[in-house]
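Peer 1: Grab the two chains, each in its own frame, and use the hints to assemble them into the complex.
From first to last, the protein sequence lines stand for chains A and B.
Residue numbering for the first sequence follows numbering that gives the first Met the number 0, starting at 0 and increasing by one per position.
Residue numbering for the second sequence follows numbering that gives the first Met the number 0, starting at 0 and increasing by one per position.
Honestly, the hints are just simulated from the structure, not real lab data.
Every value quoted in this text rests on a predicted model; they were computed, and no experiment measured them.
Every residue, glycine too, gets a C-beta built ideally from N, C-alpha and C.
Some hints could be false.
These stretches of chain B come out as covered by chain A in the derived footprint (C-beta under 8 angstroms, 3 or more residues) [as the list claims (entries may be wrong)]:
| hint | region |
| --- | --- |
| 1 | 40 to 46 |
| 2 | 50 to 64 |
Which stretches of chain A does chain B cover? Using the computed rule of at least three CB atoms under 8 angstroms from a CB of chain B, they are [as the list claims (entries may be wrong)]:
| hint | region |
| --- | --- |
| 3 | 431 to 445 |
| 4 | 531 to 542 |
| 5 | 575 to 585 |
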Amino acid sequence: MTKVRILGPRDQLLTFALPAVQQTGVLHPVACTVTHPLLATGEITPRLARLRRSLTRVIEDADRALAIFPEIGGAAAQWSGGLPRGARLARSIWRRAAALQREEQALLEERALIDKYSSFFSAFQALSSDLAADGAGYCLVLRRSDPGLLERLRSALHNAVGEGFELRTRPLPGEETAAVLSVPNPAAPAVERALAEAQVEEVPVPPSYGGRSLAEAIPRMLARAAGLPARIDAVHQELQALSRDHRPGLLALRKRAHDLLGQIEALSLVRMTPRAFVLDGWVPETKRATLLAALRDALGDAVAVEELEREKWTDATAPVVFSNPRLFRPFEELVRFMPLPRYGTVDPTPFLAVFFPMFFGLMLGDLGYGAILCAVAFLLWRRKGLAHSIGAIAGACGAFSLIFGAFFGELFGDLGHRLFGLHPLLFSREEALIPFLVLAVALGLVHVLLGLVLGAISSVHAHRREAVGRGVIAVMVVLVTVAILALSGILPRGFFTPSIIALLAAVPVLVVAEGLLGPIELLAALGNVLSYARIMALGTASVMMAVVANRMVGAVGSAAVGALLALLFHLVNFVLGLFGPTIHALRLHYVEFFGKFYSSGGAEYRPLRPWNTDSTQST
Amino acid sequence: MQYVWISLAAALAIGLPALCTAWAQSRIGPAVAASLAEKPQLGAVAVVLLAIPETMVILGFVVALMIVMRPGG
Numbered sequence: 000m001t002k003v004r005i006l007g008p009r010d011q012l013l014t015f016a017l018p019a020v021q022q023t024g025v026l027h028p029v030a031c032t033v034t035h036p037l038l039a040t041g042e043i044t045p046r047l048a049r050l051r052r053s054l055t056r057v058i059e060d061a062d063r064a065l066a067i068f069p070e071i072g073g074a075a076a077q078w079s080g081g082l083p084r085g086a087r088l089a090r091s092i093w094r095r096a097a098a099l100q101r102e103e104q105a106l107l108e109e110r111a112l113i114d115k116y117s118s119f120f121s122a123f124q125a126l127s128s129d130l131a132a133d134g135a136g137y138c139l140v141l142r143r144s145d146p147g148l149l150e151r152l153r154s155a156l157h158n159a160v161g162e163g164f165e166l167r168t169r170p171l172p173g174e175e176t177a178a179v180l181s182v183p184n185p186a187a188p189a190v191e192r193a194l195a196e197a198q199v200e201e202v203p204v205p206p207s208y209g210g211r212s213l214a215e216a217i218p219r220m221l222a223r224a225a226g227l228p229a230r231i232d233a234v235h236q237e238l239q240a241l242s243r244d245h246r247p248g249l250l251a252l253r254k255r256a257h258d259l260l261g262q263i264e265a266l267s268l269v270r271m272t273p274r275a276f277v278l279d280g281w282v283p284e285t286k287r288a289t290l291l292a293a294l295r296d297a298l299g300d301a302v303a304v305e306e307l308e309r310e311k312w313t314d315a316t317a318p319v320v321f322s323n324p325r326l327f328r329p330f331e332e333l334v335r336f337m338p339l340p341r342y343g344t345v346d347p348t349p350f351l352a353v354f355f356p357m358f359f360g361l362m363l364g365d366l367g368y369g370a371i372l373c374a375v376a377f378l379l380w381r382r383k384g385l386a387h388s389i390g391a392i393a394g395a396c397g398a399f400s401l402i403f404g405a406f407f408g409e410l411f412g413d414l415g416h417r418l419f420g421l422h423p424l425l426f427s428r429e430e431a432l433i434p435f436l437v438l439a440v441a442l443g444l445v446h447v448l449l450g451l452v453l454g455a456i457s458s459v460h461a462h463r464r465e466a467v468g469r470g471v472i473a474v475m476v477v478l479v480t481v482a483i484l485a486l487s488g489i490l491p492r493g494f495f496t497p498s499i500i501a502l503l504a505a506v507p508v509l510v511v512a513e514g515l516l517g518p519i520e521l522l523a524a525l526g527n528v529l530s531y532a533r534i535m536a537l538g539t540a541s542v543m544m545a546v547v548a549n550r551m552v553g554a555v556g557s558a559a560v561g562a563l564l565a566l567l568f569h570l571v572n573f574v575l576g577l578f579g580p581t582i583h584a585l586r587l588h589y590v591e592f593f594g595k596f597y598s599s600g601g602a603e604y605r606p607l608r609p610w611n612t613d614s615t616q617s618t
Numbered sequence: 000m001q002y003v004w005i006s007l008a009a010a011l012a013i014g015l016p017a018l019c020t021a022w023a024q025s026r027i028g029p030a031v032a033a034s035l036a037e038k039p040q041l042g043a044v045a046v047v048l049l050a051i052p053e054t055m056v057i058l059g060f061v062v063a064l065m066i067v068m069r070p071g072g
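So that you can see chain B by itself, here it is in the shape it has in the complex (with noise of 0.2 angstroms):
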């Protein structure tokens, strides 16, 4: 049963900001491209944008495998 809930925690230790990350990334993805296309100079702050939601999953993605690799886990 143990094993039911470390997995159950892993999953939504990385689903849920997976979940967040997309949805970030889906509004931020069309004003950056609005944004490119009027100021081409604005590359790096599109690539920080971009970048800055996937910290979440990123981090989620660190959880989990510290979830499974816990002592029992």
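The following block holds chain A by itself, in its conformation from the complex (with noise of 0.2 angstroms):
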């Protein structure tokens, strides 16, 4: 990162210089250090507070009308026309979309209510269609699911009006029966207190059909249905022609009022005297010339850029940038986990891309659990965005997981053993458990030295005696190793005492360089080694779950349900297989590894660019 003040004449700064250095999208603005009486703070003068109101209730409006239209029309242009000409435009194109998608809804709504009564009407139309005009009609459906319903109903009636009614019933689809009622209308509250004795209900009318009962609002819904698909369709091509016509304005106008914002938000950064203006901000060195080119072509040699000497500013200041090879660059999603790191410490992608998969294949280590992995990775890796940053990690880790498959002769835990003779190339994970766990504590000590390195080498330019603990330990650390060695007969024992004494020698340095807690440090480092013995766990753990699987399909009486209990068991094994990996993995780096080195507290690097749908720019 480079730190550069830009010079130039005030009344260009909002017509040229601000939209050249967002143009080129690589200055991170910071507040001017500079201070002189002449120097003052790029106010928000009301007209420009009103002017950012304004942008910001046309971002409003055109979101709004944005999400509700259907994805019709080409892609953003160039806003040509005014801002307020583009503001009425905004919030008129939302009015006529919000009360379209308000119809539409409601015709929508409708069609299914009536769609709801669509098995009730032809049942009571045929039964209604020759009773009396002049008496009260009563539409009831009755639950077949009570045999004597009907028969109660009948002696209620009687004993209400006696002879004076007339019931006709038609079994509907399912568990109901469509009867109607008609009686002369001077026994209807006789009727209905009747009905509620039996407990038996009207068929509700929709509150829209106001009418007296069903028998009335069916004509009227059968009518309306009638002219309901037109309507919704016309409604639906009125939304669709809108958004032909409008989608790519309101995109334009959109971006231009984000990136208008951006410049005002900017604008508060800079410092100015009456006819210049200060602006300073960071910039890749790499860039700088690119930023350079666009301020000369906007302003001519109105304007100069100067790089500011490293001893004017700081570290801790600096935005941080991950710059990593294209391979490496997925893994920075898992370090954005963590707080960014400071500027000027280690960036650990490279370490993490390498060593994450690494450890998630050795303890998923199978060869079919791999390639299904691989397979999933690859649908994700196609797609855009964060999906495909997961596709690229889960490709690293699936093809671990087959190159450690390959090494333990796993496919499907013992089933590549039982059907092809499959051998291991290492050892098989089944049966040695302790060289595996061997294997796994000495790659705790390779990560956990790398750390300790990595921490020595970033803080000894500024902290001598942090690293010089950190390499204390780190020697330490080796010693004990060669200690245990020695003393199990791996090394020859000769190498026992010298290790030892070694290890005394080192205690006073240790305390020196990083004090009374020097000590607990040491201990903290070996149990963090001891801690890569999870490693070994969920790999054996998962391997023995892939053999039970296997012996279900011998273990219960057909082998048909045998098979498919021992696939939902691969399949629940390969589930945890993916969590399990994935969060110890996770940790043994941010807990062990990351604790020896990283250092965070940096800015996220955050230049004043062109808006888009995928920019993070807060404006």
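Peer 2: Here you go:
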């Protein structure tokens, strides 16, 4: 990163300078540190404040309208109209789109309501076609699950109105019966009491068809239903036409509004004299020439770009931008789970990109599971955005699972061995538990030592004693390992005494470098190494689950049921094999590895740049 | 008889840490979920907090295996 200071004529700041800076998209503006009686902070004048409010409204209106529109219409072009016209247009389009959406919603709900009643229509219409028109009609639905209901109803009606009623029934699809009851008007109150007594309810009439009964509402609903599809189609067509005509314009207007808002926000960081402006910012060293060329194009010789000397700024204020080869870039997402590293410290991405999939592969370690993971990863990788990054990470994990699957001779557990005589190239995790444990702890030793060395290197300039302390701990961890290996007979016994003497000699150095907590740091580092035993534990659990799944085929009576159970068990094991290794490989990095060197507290590099839909720039 | 004791020791070596891990995670889980609802950027801390108690049962598993596989086990 380079800190630059841009000086130019004040009257061209908003018209040329800031747009040019924004167009290059490389300058991360910061508050200017120069103090001078003539220099004042670029204040937001009432006119600019009004403009900001207006732009915010334009963005809100455009967002709301675009959320309603179907994705019809071309891509965003350049907004050529003025902003006041744009604001009016955005508001009117949003209102029209919202009205159409409301109407479409209401029509769809109405259609759903009529659909709900449609099964009753034909039954009730047939039943009531030749009933007396001058009496009161009731449409009822009776449950067939209550066989005595019809008789109870007849009896209640008979008691209420004698022979003066007509009840017709017709079975409906399902467990219900439609019934139409016709009585003379004067008998209506007594009939309603009888219906309540028999616990029979009349079919409710939708409020929007406010007739007295369903019998009156049905013809209205049928007439309405006939016209609904055409009306829904017309509203939908109108919404599509509106989108076709105005979506590109709204997209362009929204982008223009976001860009202007970005410039106004940057204005508060600019210092000004009555005639000139000063803008400080960070730019990646490789992009400095691009910025200078863009400013020269916009302002000619009236602008000066000065690179501030390293002594005038401190590392703590510089923003951080990851710069990794393409292969490692997806793993930056995993580093971003942590607070950003401070500027000038070690970027752990390349190490994480190597060790994370390796640990994952050691834990999953199966040709079958690895192949499935690779296939899933490929599908994700073909998509855009975060899914692409996850796909790339999963692909690396799948590849390592395949490699270690070959080393351990596993294809869905011991299925490969049973069916194809697959043999391990290294050792079988099912049997060689101690070698697997030694491998896991040895990897942990390498990983922790690497962390300590990185910690020593990253603090060698700023914190010499800390660097020495990290180095001494690394050496002592190696000495402890040598002593244990000598004691267990793997190394010649003669190594034991010298390593113990060296350990004792290193203790005072450690205390001087790290203080009284130094020995505790050493013990913590040794504990961290042992923590890598989890790789062996999870790996063994994974292979044992797969073996148990395979044994299910012969364990239950039917081979088909056994195979189904085995498949289910393998599926569960695969899912567990994704979550467990991911969480524990991350933990080994975040706690055991990063703890040795990672220095958080970096500010994110957020250049002033043209807005786009993926932009995280807050405006 | 020795076989019984070895089996019991292995069962205790993994069983007790498993209970402790379950208890710890039952306390951590809701707290982490509540924290993540307010600050989603604490995702890494959540992973670490949930994985820390699992260390107990994982090391218990390793110890249990070593008990079972010791000479005479």
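Peer 1: For each hint, tell me whether it holds in the structure or not.
Peer 2: Structure-based check of each hint:
1. With a threshold of 8 angstroms between beta carbons, the proposed coverage of the region 40 to 46 of chain B by chain A holds, since 3 of its residues qualify and at least three are required.
2. Taking a C-beta to C-beta cut-off of 8 angstroms, the region 50 to 64 of chain B contributes 9 residues in contact with chain A, enough for the three needed, and the coverage statement holds.
3. For the region 431 to 445 of chain A, the stated coverage by chain B is satisfied: 3 residues place a CB nearer than 8 angstroms to a CB of that chain, which reaches the threshold of 3.
4. Proximity of the region 531 to 542 of chain A to chain B, defined as three or more residues with a beta carbon under 8 angstroms from a beta carbon of that chain, is established by the 7 residues found.
5. Under the rule that three or more residues need a Cβ within less than 8 angstroms of chain B, the assignment of the region 575 to 585 of chain A holds, with 3 such residues.
In summary, the structure agrees with every hint in the numbered list given earlier.
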